[in-house]
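So you can see what is in the structure, the chains are spelled out below.
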Amino acid sequence: MLATWKYRPRNTFIQRLDPRTRFIFLFSVILALTVPDIWDYRIILTLFLISLTLYLLARIEWKDIRRTWLYIFILLFFIVGLNGLLSGRGGPSSVIDLPSPVVFYVGWIPVTVSKIWFALNQITRMLTMAMPALMLPYTLDPNIYGTAFRRMGVSDKVSFTMDLAFRFLPTFSRDFTTTMDAQRARGYEMDKLKGGLVARIQKLAPLIIPVVMQSTVTGEEVIDAMDLRAFGTKPRTWLKELHYAPRDYFMIGLGVAIFITCCVLKWGFGIGGFFVPDWFSRLFA
Amino acid sequence: MNDRANTWEFGTRQVVYGAIGAALYGVFSWATNIFPLPAAGNVTFRPAVAVLIFFGAAYGPWVGLLAGFIGNTLGDMLSGWGFYWNWSLGNGLMGMVAGLVMAAINDFRARADIMKAVGWGTLGIVVGMLFASLTEMFTGGIDLNTAIVGYFVPAFLGNFVVTAILLPVLMIAFAAVAARRGR
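In the order they appear, the protein sequences are chains A and B.
Letter by letter, the first sequence follows residues 1 to 285 in the numbering used here.
Letter by letter, the second sequence follows residues 1001 to 1183 in the numbering used here.
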């Protein structure tokens, strides 16, 4: 059992983008929806379509990502959606303040047109923010995270920590597998952890402790090697170079424009708040 | 092994142990998904949290912060969940607050020092998970009640139970390794 990355190189527009562009765009979308507190379905739907287009451009195979989507849907529909539908809370107070016709009751809880519309808005809003994030593990080369963060202004040491963590991962994954095999040879039955909660967690110790302790010893050797090479005394250079292409400027511009537009619409023109459109209300009339 | 000269020092040692902590947190978060731990509702048990708290307590707040932030990102990436900055930062805060106890630990085998580490680890879990849960109000549009009851309480309970059980074992094992190595 080795830790394997979900990443696979594909010749797509998304993977040709500079990793910095993708982080900037992701944060632009999140900030555009959360800072001015956007709940207007017209804006949310526009951003959702942009996110969906980018997701489709990534061409991630369904068999690779279906388990993740299942988790996302459970979270969205059962936790977020049902909460919005039943309580109507979590967004603007106007959802529950609005005089809205009751569509049906769940027990004693009235489900209004306003709450139904809010739940739909909330799910779409979350999906809009989740899709650009969801693509990252499948489409961003793990070897360029350190470089990307360094070029985004993060310090050498923090970026190197990130780079080093990616390099250690297969080693520790292999150590974990070796430890598991060794414990199995001694009769450890990892598939049949019996007993109560405390007993079961305690039984994980023979798997975790050897790997952690070995890693602390490895750490000392790595520190010695790095100190001998005078790590941290001067700014370091990075093997991989990142360069913005015209498409990156376009995407960064788009992200910044989305953020500024949402702020101007909300604070300059008062557009972006929650309301139930007439056509939706008429569906329940 | 545990240089306590300066809690806030950020040198080679912190870079290396931050990376090791992150890689271990990522691997264990991903690997222990296969173990059948009992769960109630959406309470999940992540044994890797004890490793994160341990790295914070043993190597300080910067190591805890980096191990939590990068490790959670790695674990999410390995599982294919994506990148959720607020949960990664919440995990980083969890390790960072736990790391504040580093200077107060003299003997990793001493009951009092173990209790201190568990206490600060618990505080770290509260701070980290509260941050992540409350920021979901802005990113996820959930209300305070859902943030506390649906997100914070299950995350806190799961992490606390695992920390209280595994952290003392990790600390005692670490004391033995440190004594054998002589530094």
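Hints are computed from structural coordinates only; laboratory data are not their basis.
Among the hints, a few may not be true.
As the list claims (entries may be wrong) - To give an idea of the interface, some chain A residues facing chain B are shown, with a C-beta separation under 7 angstroms as derived from the structure: (1) I74; (2) P137; (3) F160; (4) T161; (5) V212; (6) V222.
Glycine included, each C-beta is placed from N, C-alpha and C at the ideal position.
Results for each hint:
{"no.": "1", "hint": "I74", "result": "10 angstroms, violated"}
{"no.": "2", "hint": "P137", "result": "4 angstroms, holds"}
{"no.": "3", "hint": "F160", "result": "6 angstroms, holds"}
{"no.": "4", "hint": "T161", "result": "4 angstroms, holds"}
{"no.": "5", "hint": "V212", "result": "6 angstroms, holds"}
{"no.": "6", "hint": "V222", "result": "5 angstroms, holds"}
When the structure is compared with the earlier hints, a violation turns up for hint 1 alone.
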